[in-house]
Structures are given as structure tokens and as C-alpha cells.
Amino acid sequence: MTFFAAIGWSLLRGVAVAMIGTWLAREIVSWLHDLVDSWRRLAWVGLLVSCFTPSLMIGYCYRDTSISLLPSPFLRELLYAAIIAVQGVPVAVLLIWFAPPPPVSDSAVHCQSLLEARGLSVTQLWLRSKSRSLVPAAAVLFLLTFQEADLAALLQASSWTEWLYTQHAGGLPLSESLRLAAVPVAVQLPVLVPILIWILQPSEAAGGVVLQRPAGRGGQGVAAGWIAAGLLLVFAVPAWQLWRGARQSWPALLDQPGTWRELSDAGLLAVTSGGLALTIALVLHPGRTRAGIDPARPRGVYAGRVCRLAAFLFLMIPGLLGNLALGLLLAGIFQTPLLLAAYDTPVPLVSGETLALLPRVVILLCCVLRMSRATSDHMLLLLERSSDTGMRSRLREVRWRTTGRIWFGVILLTCSWAYLEVMLPSLLAMPGLVPVGLVLYNSLHYGRISALGAKLVLAMALPVLLAFCFLVLRRLSFSLR
Amino acid sequence: MKHWALAVVVVVVVLLAWVSVTGRSREAVVVYCAHDLVFAQEILDDFTRETGINVAVVGDTEATKSLGLVQRLLLEKDHPRCDVFWNNQLLGTIQLSEAGVLGPYRGSGWKRMPDRFKDPEGNWVGFAGRLRVWIVNTDKIPAEEPGLLERLASPDLRRMAIAQPLFGTTLSHFSILWQEWGPEKLKAWYQSLKARGCRIVPGNATVKNLVAEGVCDFGWTDTDDYFVARDDGFPVQQIPIRIGTRTICIPNTVGIIRGTGKLREARALVDYLLSKEVELKLARSQSRQIPLGPVDTSELPEDVLPLAVWARDSFDMREFSRARAECLTWLKREASQ
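The listed protein sequences correspond, in order, to chains A and B. Per this note's numbering, residue 1 is the first one in the first sequence, and the count goes up by one each step. Per this note's numbering, residue 1 is the first one in the second sequence, and the count goes up by one each step.
Here chain A stands alone, though its shape is the one from the complex (with noise of 0.2 angstroms):
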């Protein structure tokens, strides 16, 4: 196949799963909106899990059914749609649901419609409505499946990552490999557009407020049928080939001494990058007026925010323009004689890693300062303020329930993408760091699958395992107090 061939391809699916995912994402919005607080809790649970879970799991599970569907090509292109279709809707609900509301709304579209009033065509009203977050919710899928390069590896999709990454590996010149990697660049530059805007929108509270038209009994089997077949597909099968796997690799990796150095390689790099790219969402962030920051605050002057706003756009587009293409610019940047010293350190790789990181971050960042919170925000500002000693020793404990677990959440999120990272290590690492997302990613290349389930299992229960631990001494140290 040729690259331009591999970049139609990608181009077709990526166009299909933004077509499609849309529409389920719509669905799944509506329906969501519908139910009641327990039920929709459990429901983005369902969603969530399918998003996040890891790439190197799934491609443990379905690497070698991939591989025998070799003889049946429409199939393995379906396996590989269907998984990325199923790890990318949820990201494109949560651009939806938390899409700040139009200046026109369902209601008023509706009355143009019959009223059939003059002056603005159903497509103008089109675009100041609903618009304003399905496009940036096809954008975001598109760009997900177009640039998606670690499963497409794994599982020998068709895809201009898979193709460049191979030819580039193989020996093609990073001047090269640049120049041909432009081609699928230029083709997203446009498709960045939408998502920047629904980035840039003010941190108003959304929720759903966008689509206030209900889910139908055909919707809502459809929405609730996806959620569950997701959860099948990218989790609960990987899960239990995994832990099936790992019970007869126990053995096997203890006797491997270099574990615990790629676990502790790994774990270094997600909290370095991680609060890196936490760091500067939190400072550059143009859409900011919560999470601590005093909206009170002079909001500087005109020179000042454009700065920040030019700082921000660019450190942004890079991670948006997918790993693999990151990942050569910055192979290329730093073998220039002006940054030549920092190739050999760990620079390049946790710049990589920050930038990949940083549209991410953004994006739940974007989540976050949207979520109506009036009520809670009140009760810690009363709290605070009290006179009474016991309610305000309830401060902290409050606090944590209304906000602080939810920025628990983000730092683990953030931290774990980090950490199971794999293209970019394959890149950028220096000599000696091998991070254990990069071992992995190595070893399902080379099939040996049986050996791979016991480290595997390790290197995601230990961040977990981890995050409980702080959890329990969180709450023990609320209780000694």
C-alpha cells in the first residue's frame, strides 16, 4: 500500500467513525440527560471505562485475532473501527454535555422553521445552535481515528500512522519521515479549528443544556446497547483474556529483574509530565474563572492576555496533531546543533510527553469549570466563614467531596496516560530509560503474548493500588484530626 492509499484509508474511517460516533454520541446525550442521578452515574461509569481503558490491554486481547483475520481484511478493518469508534464516542459525549449553551437554542430553530421567517436560512440558525457542539464532536472523533497510531501497530490496521511509523523505524530519514508526515498534518489543521473554539468558549455551566430534546425508545436501546457493548469489547473481553494470561505468567516475572526499574521509569515520567502539562493548563488556560483562581482578580491588560492566548495556541497544536507526528518534530528538533546536548536526556521525551498530554488536560480542564457548582461553592464559602468551630473543621472533608475528588480524578487520569504512553518513548527515550509502556508495546510486536499478561496486570494494578493507598491515608488523617 502506499502512503497516500494509507492516508485515504485513514481519511475514509476517520470520516466514518465521526458520521456515525455523532449521531451515537447525540443519542447517548439525550438518553443521559433523561435519567435519574443514580442511573446516569452509573451510565458515564459505563462510558468512561470503555474511554480509558489502555491501549496496550486491548491490543494484549485482540493483537493476535487481528492477526487472523488476516484473510478476511473487511473484518479486521471492522474489529479495528469498531474499538476506536467505542473509545472515542465517550469523548465526544463529554464535548456535548459540556458544551457551553448557543446563543440560539432548539426552541428558537424550531420557530424559524414554522414561521418560515425571513432574513436567516434554517442552515445559519443551524450554525449558532446545535453546531456549536456536534461539530466540535465530530472534529474530536475524526481526529482521534485519524491519528490513532498504537493500536493501528498492534493490530495491522491500514492507517498513515502504521505506514509511517514502519517506513520511519525502518530507516527512512527523519527529514523525510518529516516531510511525508506534513501530508496527514495539513489534512488535520483544518479539523483543529472547531475544537480550539469549544475550548476557547467561557467556562460557563454547561450540562446538557444544549439538547433538550428527549430520548426516544429507539435511542435510548441504542445509546444503553453501545454503552454495553463497549464495556464488552474494550474491557470486560481484554480483562479476562489478560487476567487469564497473567495466571500463568506469575513465574515468569519474577525471575525479570528489570521490573520494578521499568515500572519505576514509568511512573517518574507520569508525574513529571503529568504536572507539567497540569501546570500549564492551569496557567494558560484562557477560559479560566474557577478552581481556586479569584475571578475577582484584574483580568490584565489586552497585550497580556494575547500573549497568553499565542502561548497557549501554540504549546496546544502540536499534542492535537496526534504522537506519531510529535513524536518525529521533536526527534527532528532536538538533533538540530542548538539542542543536540538535551537529545541524550530525558528533554526531549518529557517534552513529548507534556505536549501530547497538554489537549487532553485541557479538554477535562474545560469539563471541570463547567460543571455547575453554584450550590456547593456557597455551602464552602459559608463553611469557611463560619463562626462555629465544628462547621468549619467540616471545611476540608466538604471540600473534598464537592471538588477535591473530582481533581483527584484529573491528576490520575492525566498521570496514567503518561504512564502507559508507548509511541513516544518508542521515539524519544534516552539510552537506559525504558519506561514499562515501551517494553510492553515491544514485546506484543514480537508475540509473545503469554509472557507479557503478569507485567501487564503489575504495571496497571500498582498506579491503582497507589491511588488507594493515598485514599485510605487521606481518611485516616481526617479522622485522627
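These aren't lab readings, by the way, just hints derived from the structure by calculation. All of these numbers come straight from a predicted model, not from anything done at the bench.
Examples of chain A residues toward chain B, derived with CB under 7 angstroms:
| id | residue |
| --- | --- |
| 1 | Ser68 |
| 2 | Gly258 |
| 3 | Asp344 |
| 4 | Pro346 |
| 5 | Pro431 |
| 6 | Gly432 |
Heads up, the beta-carbon is just placed ideally off N, CA and C, and yes, glycines get one too.
Use these hints to put chain B onto chain A, whose structure you have.
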């Protein structure tokens, strides 16, 4: 205030951890290793244990094995990061030697190896070989060479798999065919192979998986991949691939990078890898590599004994360096179309 103090402590701890990681790499011998890290890491850890010299390994993916590292070393020629290159084959190492990337060293390991497995200047030395083999799923077809050759000539090859010839030992295999058959015959045969539906997959391990799981009936792979399938209980057998009467035994090779700042440590590692003990370890490992230097055959596992016999009929791989360069140029052009 408390939160700021905690943040400062975290930042300091993280910085110290990075200093430690960077120091680990600075003090260690950097090895670019194309051999399967699952096996290589154990050998390198043993070296560290015995000598106290730390090793930092840079591996590669199975799909682009050795070619990726060869290209990387060529790119880094003027600013080498690597101290020792452990390749899992020979032809790429010869390319590096001809490009001046490798430096000479004729230590105890070099002296131990037969002439046809080493560079006379000491730029590289071969050790621990493996053979190119047919892998056959015996539940599907019998493992007999005449039958396999007949199938290879048949109009339908959808049940056959080979690895992408752009990389690894398949590239070495094609380089031999390039020279023995001539370029035009090889090109025509390869086009015919694809036209008849032969599965061209990313690596030898994938070939092994396809045949082992019965998706394909037979294919070309290496002895180490065959043994992984056999040890996992799959119904497979191997037959050495012969071109004429000769087999294809591809040695691992090791060389010291010219300009290394850790020459003493690099030489110690090279001699260690070329020692009888390491060749026997690799023979006894799951990969069943064939010792190329003198060893007591009574110490060899039963599986390796027939391999050692087949290896005696093998080509002298040093003769195919130029063919490799020409073949690779053609294959890169093929891959980009």
C-alpha cells in the same frame, strides 16, 4: 503555605529522581540491541552481576528489527550515543563497518571465533547463530521438503506467510536469493509470490503465530521463533531452508562503536558476549541459538544438536554485503509504491 511547601518537596524529589536516571545512563555502557530483549536482557544482567559494569539497552520493535538500529547508528555516526552494537544478524553490521561506524578490537572473543564469522580487522564478530527454516503446521500439511517446494510453486499461496523482506533475517534471505538467482529472477518471483496471495506480514513472530494457529499452513521464519511455537504446544515442525544444497545460518554479531567514551567497558562486554559460556547460555535458552565457536557438544541441548549439523552447510554470509545493499534499494522502492 502548606501546599506550596508540599509542591516544592515534590519538585525536588522528582528532580533528584531524574538526576539518578540520567546518571544511570551516563555511567552505563549503552548497547543498541536487535536481539530479542526477552533473551538479551538476561545475558546483559548476568554481565552486570559478574563485572559490576552497568548496561543501558536500547531495543527495537520486532517489525523493524536491526534495520532500524543500523539506520540509527548511521545517523548518529558523528555524535555516537551507543558504545556496543549487538545485532541479531550480519549484513547490517557489515554495512556499519564499511561506513566506518565500528572500531577494531581483536580480543579473546575475536580469537575464539572461526574466520568466516568475523571481520579480519576486528570491527565485528559473529556468534550464536540461527537458521532460516520452513515452519509447518502439521495438522494441516505434512512437513516434507518436496511437498513444500511443490506448494511454493503452486498458483495459490494464500496459506503461506513470510515476513516483510525489507527487514531482519528475511532481508538477509532475500539478499542471498538476489545474488544466487540474479536480481531479475528474484524480482519476478517476488511479484509472482504476491500475485498468488502469499501473506507478507510484519515479522517472523507473526509468521510463526499465523502458522501455529492454523491461519496459514506454512511459512518462512527463524529457528528461535519456531521453538517459541513448539514450546507453547502448537503442532509445528521445522525444515531448514536450502538454496541449492546450502542452508542459511545467520549469526548474531557484536561490534564496538568508533569513538566510544567507554572503551574498556565495551571491550569487556564484547568478550563476554563472545565467550563459550554465553554461547551455551543462548543455546540453552528458549531461542536455542547455535554456538559458532568451539564448544563441547555434550553440553548442547538435544534440540540444538541437529541445528548445529545443518549450520555446517550454511553460506558464508560475508559474501552478500553488496547484494544486500542492492536488494534493499529495490525493496524500499517496492514498499513505497
